[in-house]
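S.K.: Residues per chain are reported as follows:
There are 2 protein chains.
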Amino acid sequence: MKLCNVAFAPENKSIQVREGATLLKAASLAGVHINASCGGAGTCGKCRAVIANGQFRSEPNIHLSDSEVSRGVVLSCLTVVEGDLSVEIPQEAQKGAGVRVDTGLGVGRELLKIGDREIQPRTKKIHLTLPRPTLSDNISDLSRLTRELRKQGYPGRDITCGLSVLQKLGPTLREGEWAVTVTLMWTQFGIEIMDVEAGDVTLSRYGLAIDVGTTTVVVYLVHLNTGDIIDVASDLNAQIRCGEDIISRIIYATEVGTVEEVHELVIGTIRTLVDTLTARNGIQPESLDSIVTSGNTTMTHLLYELDPRYIREEPYVPTTNFLPVIKASEIGINVNRNANIYAVPGTASYVGGDITAGILASRVHLSEALTIFIDIGTNGELVLGNQDWLVAASCSAGPAFEGGGVEFGMRASQGAIEGVEIDRQTHEPTCHVIGDTEPQGICGSGMIDVLAEMYLAGVIDQKGRFSEDLETDRVRPGDAGLEYVLVRRDPARGERDIVLTAADLDNILRTKGAIYAGLCTLLSEMNLTFHDVERFIIAGGFGNYIDIEKAIVIGLLPDLPQERFHFIGNSSITGAYLILLSKEMRLEAEEIARRMTYIELSVSRAFMDEYMSALFLPHTRLDDFPSVREILDKRR
Amino acid sequence: MKLCNVAFAPENKSIQVREGATLLKAASLAGVHINASCGGAGTCGKCRAVIANGQFRSEPNIHLSDSEVSRGVVLSCLTVVEGDLSVEIPQEAQKGAGVRVDTGLGVGRELLKIGDREIQPRTKKIHLTLPRPTLSDNISDLSRLTRELRKQGYPGRDITCGLSVLQKLGPTLREGEWAVTVTLMWTQFGIEIMDVEAGDVTLSRYGLAIDVGTTTVVVYLVHLNTGDIIDVASDLNAQIRCGEDIISRIIYATEVGTVEEVHELVIGTIRTLVDTLTARNGIQPESLDSIVTSGNTTMTHLLYELDPRYIREEPYVPTTNFLPVIKASEIGINVNRNANIYAVPGTASYVGGDITAGILASRVHLSEALTIFIDIGTNGELVLGNQDWLVAASCSAGPAFEGGGVEFGMRASQGAIEGVEIDRQTHEPTCHVIGDTEPQGICGSGMIDVLAEMYLAGVIDQKGRFSEDLETDRVRPGDAGLEYVLVRRDPARGERDIVLTAADLDNILRTKGAIYAGLCTLLSEMNLTFHDVERFIIAGGFGNYIDIEKAIVIGLLPDLPQERFHFIGNSSITGAYLILLSKEMRLEAEEIARRMTYIELSVSRAFMDEYMSALFLPHTRLDDFPSVREILDKRR
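Protein chains in written order, with the numbering used here: chain A, 10 to 645; chain B, 10 to 645.
Do not take every clue at face value.
All copies of an identical chain are treated as equivalent in the list; a pair is satisfied when it fits inside any one copy or across any two copies.
[What the hints assert, rightly or not] DSSO-like cross-link-like pairs, simulated, lysine-lysine; straight-line CA separation at most 30 Å: (1) K336 to K133; (2) K177 to K133; (3) K177 to K336; (4) K22 to K472.
The set of hints was computed from the structure by calculation and includes no laboratory data.
Just need the whole structure built from these sequences, with the hints factored in.
M.R.: Written out as structure tokens, the structure is:
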């Protein structure tokens, strides 16, 4: 077996791998991030690398131009290491700097109103002073402790104590000279003594709310006495290297790598974020008593190292929607060794705990108003209902709005085009770039803009096809049909122009069509129409940046008055935060997960019909979009 | 730091240790057993070794004769390694071959009558065939399983499932084509799904009953369907090298080594025994569902790695008498990873779960007859009572009957003198040796015999002092006063005569005196006398070999009719076995542990008075021993 040294610039990292390993694998082992939307299947064309020198073998593919190949550009997933290599990762394939993550502290915060309700976390710290043992009162240490707890009104019969606390009990009682702080944890069975510390440390009580997103992981550090959010940290989910959407992740976990490997990646991300938070705030990991996580069903399976295979296979069966409460130490998170993890329960394979958390945070389940709740993340989940009923569906929207399946698609990070205007006469674009820097690609809100603008400027027609009779060099033939040039760049510097291809347009149309069709199907299942919808809640970090008017122009959102739309940002973490602080909220969440009726769209004939009708701009039924019709009429 | 190589004959093992390590430590690291009753304190003089060659430094001590020192004999605990060494361990310091262990299958078995009661272990295996999931019935795997269990009458609400079972659930259901065997475990909170296996494996159900004795560990392999004891294995508790009695173990764990080290030793012994049993019987460790352990409070603390320090310090407080039910995997025993360990609860620091198990097995707690229960093991525990009340005490008898504190004392293994007769005229002894082999030392039953015989033959007087006017060379001056020569051996071969010294006699007298005084104190606390005692139960492996008549002669046992004495052998394991098979028995055991009233003898003035009176042969109050008086009268 030959070992090869692979060195990566600009990160200046290197790794030894066996001959025959892919370059993507080598990068992963070296801790070098390369974007790979498809998880290494060779289909997205994003994992570009430039081989400076060395031995390798690379499969031919449609993503690279001849000039790129001649400059040593390869796709990392299709490149096999055959000797020592020096590799450069171009900026467009690197992890974006400062990815824009919605930490839910904005709009979501308003919905919290946590001050109005009692803070009631699952753990409590109590300071006790015990009588010293004597020969006439020499009951065991544990009996002495529970006797005192009973005196203070806690029901003695149900108090349990695990091995690790017992192991420190004797020395701690004596170290504290019989004055100790006991951490009690309410479980489904009773009360567990989860820690004993010498002295009075009742003020050291922290918890974590964690949003385990397919793309990003967000962690709140919360003080359990006050409910205050002390600090927030977030990062990309390290599983990104196994694919951008949940299907790629499942394929990677079950066919390419292992469930354990993908599990360890997200645990690594969480661990780093938690360590950052504790270090930054000078908090002992032992004083983190409680964790609530929220994520879609696939993310939750991978977090708990459950085989996600059957989520993907018909009839789409998860192992469980209600996860058992486990010790954080069972999955290797460095907090108090007896701290529990509670995962927000979900409803089905494609409507998970993040949606339960979103409904909880937006109070749809208690509202009289008929509400649509939509989370446009990597997947697209939809909920319709009110206090009496809730139906939910997932519309397999695809990851286009997160950058997947679009040639220059990227997440909303530094260098992403997030807004576009196109001059109605010259067809020249004006781009707004996150960070006001050199553009690298286009993110979801930019896609909505560019689609709407191209349509309104006549660059594309109702079917999303390029007009062939425009007098502009912005539309030109590309490798696969016509394309629109958003940004011209210098080929001499190895840069490719940022374009939107016909295939990209198709993908975006399919994504928006699936979401709109999903909404129509849910409504008609309940014999309702958009006119009946009183509130339209858009969750997810991406939602915050959508231009509603343009989203209506492309037919992503229904043509409702602006005031009915509400952005609530990352409601997954908001829900987790609420549950962390309130038993009542936890019970509500479980009730929501049980009450929600899941409708499987993938086998629905009605959905397919709606989907076909929704692949137009804004829609086949232009009558349903009177405001768009008005704009179009004015233009003529 | 210099590393030294220490090679041991005859075991042919060697180890590298740092310069300055004791020879006892080196032997322990090399896995070579050296008897060290005192745990390495330099007081017992048993850890003899012969240095063939090499560099060492050895402390002078009173245990070795000049001729021994000149032959290279050292005490391992007082010898420091200073360079490479070749060491020989003489047979008397080696672990006895085939230690006689009472596995409780004898008399105890009669008390079982398990056939009369329902076998009701804490686990159950059920074969289920689930309906395959379809698009119209695609609930989660776990919901499908619990739905079926509910159909079969198990209460769905309380069924829980831990992480490791969830992790295998999806693949196992499909591997078994939806026909699976589910192992349910009844916990204090409800029912836990502890395993899921493909197909029908309902007949593979085993459990372990484990007696964790201070000296020996005994393991039963039990079939949980039938209650049959499939196999038994036993070995010395590897903690022996840290001292023979519980006080030496506590000192070692808290002052010499660590709690973890001593914990790991007994876990190692259990692990080896369990591995032996599974291998010998072709059983998968995964089919071991349930474990019940029984041991004294110190052994239980060390088994669970609880700090035993406070057991030894006044006011003698254990961490707990009721251990939590934990997973066997938490303390590293290789059985089903979700198998629970239930430790039989105890009453106080010196009356532990082994005594609860003994009372359970002997049914004292349900008997109308006033009963004394006595366990003469390494410690001496006493219980007095009946169905209405139970009082218990420990009399710190010391380990004399197990070989500790007696120059040639040893456990009842090959080469131990277990019976002695002394000619009334010549004072010549006749020895019965276990295994009919060369005698190496004297075990507990031998000590009782020799004391009784020396007394009746006039070698010693009522106070245990040697007669100075006998015409025999069997009594001779030794290093520390007079001694009686039991076996003459060849000094040319480096052998020492087997003798009983005045100090040995003192130790045996103190041991027997403490036990008898404890009994008297318990009785007088309850305003009773021996005449009220209808049953006298002697538990413990050692008990089986006692000659009752001679034990009465020395005043170890009260002068009651022979038929009132009952030997029940190792009732600790019998009780554990009963609890393994019956929930009712477990509840009875908990009731016993709660009901037993512990009386602290160490601070009792009455006990001290009784003890002083009991340091005679048979006792100061000869009137209490009419049968002995009769023998003495006849002799005159």
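S.K.: Decide, hint by hint, whether the structure agrees.
M.R.: Right, here's what the structure says about each hint:
no. : hint         : result
1   : K336 to K133 : both (17 Å within a copy, 26 Å between copies)
2   : K177 to K133 : within (19 Å within a copy, 34 Å between copies)
3   : K177 to K336 : both (18 Å within a copy, 18 Å between copies)
4   : K22 to K472  : neither (47 Å within a copy, 84 Å between copies)
Of the numbered hints stated above, the single one contradicted by the structure is hint 4.
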